[in-house]
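**Student:** Sequence:
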Amino acid sequence: MVAILAQADGKVGYDIYATVNDSNASSSFGWSHHTTILSYNLVGSIKGDGNSSQYIKINGFDNINLKENTHTKSGRLKEDKRLSIASQINSISIDEDVTDNPEAYRVAINESMPSSLLNVEQITYRGEGIYKRNSYTNNNDEIATDYQAKKFSENSAFLGIYRNAFILAEVTPGRVDNFLGENYSTVFQVSSDSDLYSGFKFNHLII
Numbered sequence: 001m002v003a004i005l006a007q008a009d010g011k012v013g014y015d016i017y018a019t020v021n022d023s024n025a026s027s028s029f030g031w032s033h034h035t036t037i038l039s040y041n042l043v044g045s046i047k048g049d050g051n052s053s054q055y056i057k058i059n060g061f062d063n064i065n066l067k068e069n070t071h072t073k074s075g076r077l078k079e080d081k082r083l084s085i086a087s088q089i090n091s092i093s094i095d096e097d098v099t100d101n102p103e104a105y106r107v108a109i110n111e112s113m114p115s116s117l118l119n120v121e122q123i124t125y126r127g128e129g130i131y132k133r134n135s136y137t138n139n140n141d142e143i144a145t146d147y148q149a150k151k152f153s154e155n156s157a158f159l160g161i162y163r164n165a166f167i168l169a170e171v172t173p174g175r176v177d178n179f180l181g182e183n184y185s186t187v188f189q190v191s192s193d194s195d196l197y198s199g200f201k202f203n204h205l206i207i
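Per the working numbering, the sequence shown starts with residue 1, numbered consecutively.
Watch out, some of these pointers could steer you wrong.
Below, computed lysine-lysine pairings styled on DSS-like, alpha-carbon distance capped at 25 Å [stated by the list, open to error]:
#, residue 1, residue 2
1, Lys-201, Lys-151
2, Lys-81, Lys-11
3, Lys-67, Lys-201
Computed Cβ-Cβ distance ranges for the label pairs, DEER-style [what the hints assert, rightly or not]:
#, residue 1, residue 2, range
4, Asn-51, Ile-94, 47 to 55 Å
5, Leu-168, His-34, 17 to 25 Å
6, Glu-128, Glu-182, 15 to 23 Å
Read the hints as simulated data drawn from the structure, not as lab findings. For every residue, glycine included, the Cβ atom is placed at its ideal position computed from N, Cα and C.
The whole structure should be built from the sequences, with the hints applied where relevant.
**Tutor:** Right, dumping it as structure tokens:
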């Protein structure tokens, strides 16, 4: 099974960019957020004997990404899966203030553009070998699992949500002060049994 969801051209959102300068210095600030309004749901199951390959990739979906890569040699495989993604725009408020000179630029952005990705899997395998690797990102959160086995089972659930943001910035020729308040959360649960190799990685990027 192959499923590739690519973000369409019909994006909606906003961009702002401002530069303030004088004879001695120059400073700039920029911010943007775009999304595609959509709703997608997949519920499926696989059961059988033989070889199999499965590749699923969701990329560029409001900084919430998913990549799955599973290959099995001859054996018995059973998998149940649920995949749901959704995005919408509730409100966008941008309040800009520029002084008369202008020597300063101020902006306050209050936006509600929620997006979510849910991926639930239940899989069992017995056979000559399975290779399975999943990776998830939600803004600055990164999660990866990696398995090799001849006897294997896994129950996992990933939920990434981006809720809203409150952005403040003040730009003067020699300085930029900002507050970047993005509200998102990541939930991941997994239980697995692998007779050869199991790997797990979590990373939270600090920017």
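**Student:** Please go over all the hints and tell whether each is borne out by the structure.
**Tutor:** Here is what the structure says about each hint:
The hinted pair formed by Lys-201 and Lys-151 meets the criterion: a straight-line CA distance of about 22 Å does not exceed 25 Å. As the CA atoms of Lys-81 and Lys-11 are separated by approximately 28 Å, the hinted pair breaks the 25 Å bound. For the hint linking Lys-67 to Lys-201, the alpha-carbon distance of about 14 Å falls within 25 Å, and the restraint holds. For the pair Asn-51 and Ile-94, the supplied restraint of 47 to 55 Å holds, since their beta-carbon distance comes to about 54 Å.
Separation of Leu-168 from His-34 is about 20 Å and conforms to the stated range, judged on CB atoms against 17 to 25 Å. Checked against the given bound of 15 to 23 Å, the beta carbons of Glu-128 and Glu-182, roughly 46 Å apart, lie outside it.
Hint compliance for this structure: hints 2, 6 are broken, all remaining hints hold.
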